[in-house]
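Here the structure of chain P is known, so what remains is to put chain H in place on it, guided by the hints.
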Amino acid sequence: MSGWEVALQLELRGITKRFGSLVANDGIDLTVESGEIHALLGENGAGKSTLMNVLYGLLQPDQGQILLDGEPVEFHNPREALAAGIGMVHQHFMLVPVFTVAENVMLGVERTSVLGLLNRRRARQDVLELSSKYGLAIDPDVLVENLPVGIQQRVEIVKALHREASIVILDEPTAVLTPGETNELFRIMRELQASGKSIIFISHKLKEVQEIADRITVIRRGKVVGAPPPTATDEELASLMVGRAVELTVHKEPAHPREVTLEVEDLRVESAGGRAVVDGISLEVRSGEIVGIAGVQGNGQTELCEAIMGLLPVKSGSIIVAGQDLTGARTRVVLESGVSYIPEDRQEDGIVESFSLADNLVLDVYNRAPFASGLALHIDTIRESAAKHMDEYDIRATSIDMTVGTLSGGNQQKVIVARELGREVRLLVANQPTRGLDVGSIEFVHSRLVAARDQGTAVLICSTELDEIFALADRIIVMYEGRIAGIRPPTVSIEEIGLLMAGAGSDDSVPEAQPA
Amino acid sequence: MTAIPVVRHQRAAIDRQQAIAGIFVMLGLVDIFVFGFLADKGDAVFTFTLTGAAVSVPNLNLAPGPVSEGLGALSIVLGLLYAGLKLTSLSRRLTAATVMLAFVVAFLCWCDAGRTPLPFVSLMQTTMLASIPLVLGALSGCLCERSGVINIAIEGQLLLGAFAGAVIASSFGSIWLGLFSGSIAGGLLGALLAVFAIRYVVDQIILGVVLNVFASGLTGYLYDQALVPYQNRLNSPNTFSSIKIPVLGDIPIIGPILFDSTIFLYITYVMVALVHIGLFKTRWGLRVRAVGEHPTAADTVGIRVLFTRYRNVILGGLVAGIGGASLTIGSVGSFGKDISSGQGYIALAAMIFGRWTPLGATGAALLFGFSVALANVLGTIGAPIPSDFLLMLPYVATIVAVAGFVGKSRAPKADGQPYVKS
Numbered sequence: 009m010s011g012w013e014v015a016l017q018l019e020l021r022g023i024t025k026r027f028g029s030l031v032a033n034d035g036i037d038l039t040v041e042s043g044e045i046h047a048l049l050g051e052n053g054a055g056k057s058t059l060m061n062v063l064y065g066l067l068q069p070d071q072g073q074i075l076l077d078g079e080p081v082e083f084h085n086p087r088e089a090l091a092a093g094i095g096m097v098h099q100h101f102m103l104v105p106v107f108t109v110a111e112n113v114m115l116g117v118e119r120t121s122v123l124g125l126l127n128r129r130r131a132r133q134d135v136l137e138l139s140s141k142y143g144l145a146i147d148p149d150v151l152v153e154n155l156p157v158g159i160q161q162r163v164e165i166v167k168a169l170h171r172e173a174s175i176v177i178l179d180e181p182t183a184v185l186t187p188g189e190t191n192e193l194f195r196i197m198r199e200l201q202a203s204g205k206s207i208i209f210i211s212h213k214l215k216e217v218q219e220i221a222d223r224i225t226v227i228r229r230g231k232v233v234g235a236p237p238p239t240a241t242d243e244e245l246a247s248l249m250v251g252r253a254v255e256l257t258v259h260k261e262p263a264h265p266r267e268v269t270l271e272v273e274d275l276r277v278e279s280a281g282g283r284a285v286v287d288g289i290s291l292e293v294r295s296g297e298i299v300g301i302a303g304v305q306g307n308g309q310t311e312l313c314e315a316i317m318g319l320l321p322v323k324s325g326s327i328i329v330a331g332q333d334l335t336g337a338r339t340r341v342v343l344e345s346g347v348s349y350i351p352e353d354r355q356e357d358g359i360v361e362s363f364s365l366a367d368n369l370v371l372d373v374y375n376r377a378p379f380a381s382g383l384a385l386h387i388d389t390i391r392e393s394a395a396k397h398m399d400e401y402d403i404r405a406t407s408i409d410m411t412v413g414t415l416s417g418g419n420q421q422k423v424i425v426a427r428e429l430g431r432e433v434r435l436l437v438a439n440q441p442t443r444g445l446d447v448g449s450i451e452f453v454h455s456r457l458v459a460a461r462d463q464g465t466a467v468l469i470c471s472t473e474l475d476e477i478f479a480l481a482d483r484i485i486v487m488y489e490g491r492i493a494g495i496r497p498p499t500v501s502i503e504e505i506g507l508l509m510a511g512a513g514s515d516d517s518v519p520e521a522q523p524a
Numbered sequence: 434m435t436a437i438p439v440v441r442h443q444r445a446a447i448d449r450q451q452a453i454a455g456i457f458v459m460l461g462l463v464d465i466f467v468f469g470f471l472a473d474k475g476d477a478v479f480t481f482t483l484t485g486a487a488v489s490v491p492n493l494n495l496a497p498g499p500v501s502e503g504l505g506a507l508s509i510v511l512g513l514l515y516a517g518l519k520l521t522s523l524s525r526r527l528t529a530a531t532v533m534l535a536f537v538v539a540f541l542c543w544c545d546a547g548r549t550p551l552p553f554v555s556l557m558q559t560t561m562l563a564s565i566p567l568v569l570g571a572l573s574g575c576l577c578e579r580s581g582v583i584n585i586a587i588e589g590q591l592l593l594g595a596f597a598g599a600v601i602a603s604s605f606g607s608i609w610l611g612l613f614s615g616s617i618a619g620g621l622l623g624a625l626l627a628v629f630a631i632r633y634v635v636d637q638i639i640l641g642v643v644l645n646v647f648a649s650g651l652t653g654y655l656y657d658q659a660l661v662p663y664q665n666r667l668n669s670p671n672t673f674s675s676i677k678i679p680v681l682g683d684i685p686i687i688g689p690i691l692f693d694s695t696i697f698l699y700i701t702y703v704m705v706a707l708v709h710i711g712l713f714k715t716r717w718g719l720r721v722r723a724v725g726e727h728p729t730a731a732d733t734v735g736i737r738v739l740f741t742r743y744r745n746v747i748l749g750g751l752v753a754g755i756g757g758a759s760l761t762i763g764s765v766g767s768f769g770k771d772i773s774s775g776q777g778y779i780a781l782a783a784m785i786f787g788r789w790t791p792l793g794a795t796g797a798a799l800l801f802g803f804s805v806a807l808a809n810v811l812g813t814i815g816a817p818i819p820s821d822f823l824l825m826l827p828y829v830a831t832i833v834a835v836a837g838f839v840g841k842s843r844a845p846k847a848d849g850q851p852y853v854k855s
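The listed protein sequences derive, respectively, from chains P and H.
Residue numbers for the first sequence follow my numbering, beginning at 9 and rising by one.
Residue numbers for the second sequence follow my numbering, beginning at 434 and rising by one.
Excised from the complex, chain H in its bound form:
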């Protein structure tokens, strides 16, 4: 074997761990050189007390320069450790979380340096509020996809829920009826998804997109034709007011964020717990997951595959519908065209980012909710970036999260595959 013409077609495999470590180091450098050196003069001030709170918590004053540089240095060190050490998955996640947190804090210091104090509690309240439809939408996704049906139609379910919630609450004068109808509306769209995906075996991605366009067109048409002319009767619902939970609601900082909100936040807590326990601790959940992973196996032990899928897809719609209703009767009141503004897709991303688990999806949804809230709050304190960029934040966060950090996350094996008995 001599004189072989050697043209090596080497395929460079980028080592994932090295790439992530590189991102950490880069974020650290941004912390130092952008947020540290380029910060305006003056401290960044964070307030932790709402006006009228019983207990007041002292403000936190941070000097952006030293703080950002310190956090940046920490990120770089962590990045280097990440590249060099073999870490357990827990410590890898902790490291990533620390670096992200450092980046956010440095960013906030830079934004707020020398400006009006940044109200931490109201930032977090907005986060919770913005997260409600995302969490409920993501739970809808979990319910569907764990049983093996892809649910792109979350967006449409939110939108219909928002529409039905506003209109019914307004015309019947009952916000509770509005909440109920919002849920039913989402469930109906879920039923439509189920029939076409399961009975007629339509491609589930296309189907989901079509249903979203349908929901948008339908509500947009009805909005122009009915809601605009009869604004007072049809589109002026009351909204749910905050309920403060005794004792818990009085805890400084945590209380107003977690335990002083509308019924929607409490419904969300219950739903997250229910879906998590349901999927992973009960007979119901074991069977649902079996259907989503290996429907033939489920069938051979006597589980009704198609029934399970119908049920779960409709259940998912009902949950997302509640999230939709929160957009109208849980906050602004009236319905506006395309009020869901892509949050259904963000919820979908949250579900994937959360690896098809209710708890993970909730965490991801909170992260996205935070970026929405941040865009709001930074707009009001006059941060030194254009507001358009701030408004992009949640979407950029979605792309980065889904593309970069999901990695080996694994969908249910039979997700999106119709079950047809041979």
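Just chain P, with the same shape it has in the complex:
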């Protein structure tokens, strides 16, 4: 059966969803006409995902109504939403890695022969049919864990189509994609639209929304704040989204790189399974410059950072910071030689959620003067310094005794930045320093990173957001499958970086930063 003729009009009326005192959705109205691509634009934490989880039956609204073709419906679980023709591709894929594509697609709607035995042949056929109908090119027999994320996303789309969804929700689908893969996704979205499906496209990226959407709804702090036409400018969209005029570019002077601070040579790091995840990386970062590492997530950036910090064992190669060989050194030794680290996973690796603000601000220096002598901590000094940092880094908290876990993501990140930049820093390693932050916090973190650079710190930034790389980096290194795919100046085109991120393109021109 095809979903060709089934075209649903979806209407959300006054949806309100609270989590305790937090109002995630506040009386949201949204209409999605059949066959349109409707973009939901908003910052992280604006309530887009909550709204879609309500629509998909994962959450129950406190107030409000969902109407399909004018008929009120209620979804108590995803099964009911699926049955009504709503499919969702989650930001974090809902695929079982050790299952094949066909197994993932059929899960929950399996066809069986006698005694519940699986009909795998039918499942394969279904995948192949859908795949060729929408030009998806998917092999049904591959294990999902062996597929690149872009293809995994297509498997998710096939999953939704297999369940005859006529409205497909795509939650931040481009976050994990290279620019090339994004274009491919847009092609698939248009293909789906042509066959009569409606698509709800969730994003916080202005350019993508402008490119693909028929209609746009902007959400800020749980409310609908506008429905600009797709022809609206960057500035219009951004100010709607953030609620004030925004600086879209980071102000920075040209870099004045000096001596080499970090020198990594032929570094190899292996995963627990013995696979080379960092496969012969050589790079250098000079004092007073920002080197940005671009790449799709999972291409060895995290492992590179962790190896530099002494968090992962080095298989071979060397890491030298300011003339000191830190290959395989313990993390404390690395920290004490003037290296600071902003980890990728803020809550897991960056802070201790149950500790106070003051304690979190001395996590890496608590054992040293002036914060300690011998076995004793100097609580007063710690508190004074914490108060100073709170002020200087604009950490919004009621007191320095507040538990850090209760702060917002942006303020937690400011705590980490304050701690890591609050001491003498030769080298700063920052992995995804603005992930999941609102625009205001991103501006703040970016300005601090640039300030650190201008004071002579060598800065190494890994980011999967190309906008961030282009905004900050004085040199761009692209990592692909644990290797350096290319080193480019920041004047390079986004297309070229995209090709390198996808593993295409050559590696001939290697510009070196010149000492000033």
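Among the hints, a few may not be true.
As the list claims (entries may be wrong) - With a straight-line cut-off of 20 angstroms between C-alpha atoms, the simulated SDA-like cross-links for lysine to any residue are:
no., chain 1, residue 1, chain 2, residue 2
1, P, Lys323, P, Gly346
2, H, Lys846, P, Asn154
3, H, Lys846, P, Val106
4, P, Lys323, H, Gln451
None of these hints come from the bench; they were simulated from the model.
Frame of chain P, contents of chain H only:
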């Protein structure tokens, strides 16, 4: 960049393949120098015929010296090949199996040299008997852990099954009722595990250990207070007798080992097949495995995660309970304190060794069962090692197996992680 003080913190990564090859060579050397040179005078004799069998198979006489040295040399060659060649996973496993087999044969020759003949068929019969609770326990583990709940409580499930089997069979005079109750008792402990692990999100490892202590304490108390004073009424069940399968049971060697046993062995065959086919060929199994690997994904396609886990944990308990009942009404009859004697933990190890698959777990359980049987048989022929060491054999085998040969075996991803909807 001159004059950098270079203090290399090189971390030596031991190459796994080289290490295993080294073990093979070492085993080969033991074959030659211990089992070959140090063997007592006289042949090792293996008999293959039980008394009263229709067809008699000739005995096998081996001279320990040459045989062990030959097998040792083979192991060393295989070890060197293993180190030098890139092998497929199948040929790697075959090599390991060959080396292990050579070691066992050499060991047996050494033990039996110049002594009473070693009865191969009864050794294997004991192996099968000893394996029944291990296999069923390991299947219980597979059922639970594939759905994402760690089951340390296999030991307690065996113990309760053994207790209920003996007491009910004895008081009602029905071994079938005993079998049924044993299974139910295991299922009840499974239900307890499920409620605490799933509903109350208790740490599953601690919970399992606590349940084992609970089962041991409860049955121990009841044993002292009720079973000892009323031994005749409550703890003297009949036992299942052997059923010989027509035709198959008459095949020499294989027949008496595989097709002439109590109902428990046949139940075990059926269970292994059911769990294997169930997990890997049916809709039921696909959903169970999805729940154990990625419960959120399962939830979003409409699979009831918590229900699946409850069901599987209880099913596992029912299966382990049967294994427990085999300890009493399938063999000795009466219940004794802590009769399961750690077999639940060995079953757990077998499941891990078998990489969370029913067939692999069964193979591992058979290996452990063999080491138990070997300890028995070697005791009776008067082998030249103290019986205490022989009794350690199954546990040593467990540690070696789990530590050394499991390697990259991968548990279900969400194993032990409670599923709480945000």
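Do the hints match the structure? See the list:
A distance of roughly 23 angstroms separates the Cα atoms of Lys323(P) and Gly346(P); the hinted pair therefore is violated under the 20 angstroms criterion. The suggested pairing of Lys846(H) with Asn154(P) holds, with an alpha-carbon distance near 16 angstroms, which does not exceed 20 angstroms. The suggested pairing of Lys846(H) with Val106(P) holds, with an alpha-carbon distance near 9 angstroms, which does not exceed 20 angstroms. Taken as a hint, the Lys323(P) and Gln451(H) pair is honoured in the structure, with Cα atoms around 17 angstroms apart against an allowance of 20 angstroms.
When each numbered hint is compared with the structure, a violation occurs for hint 1 only.
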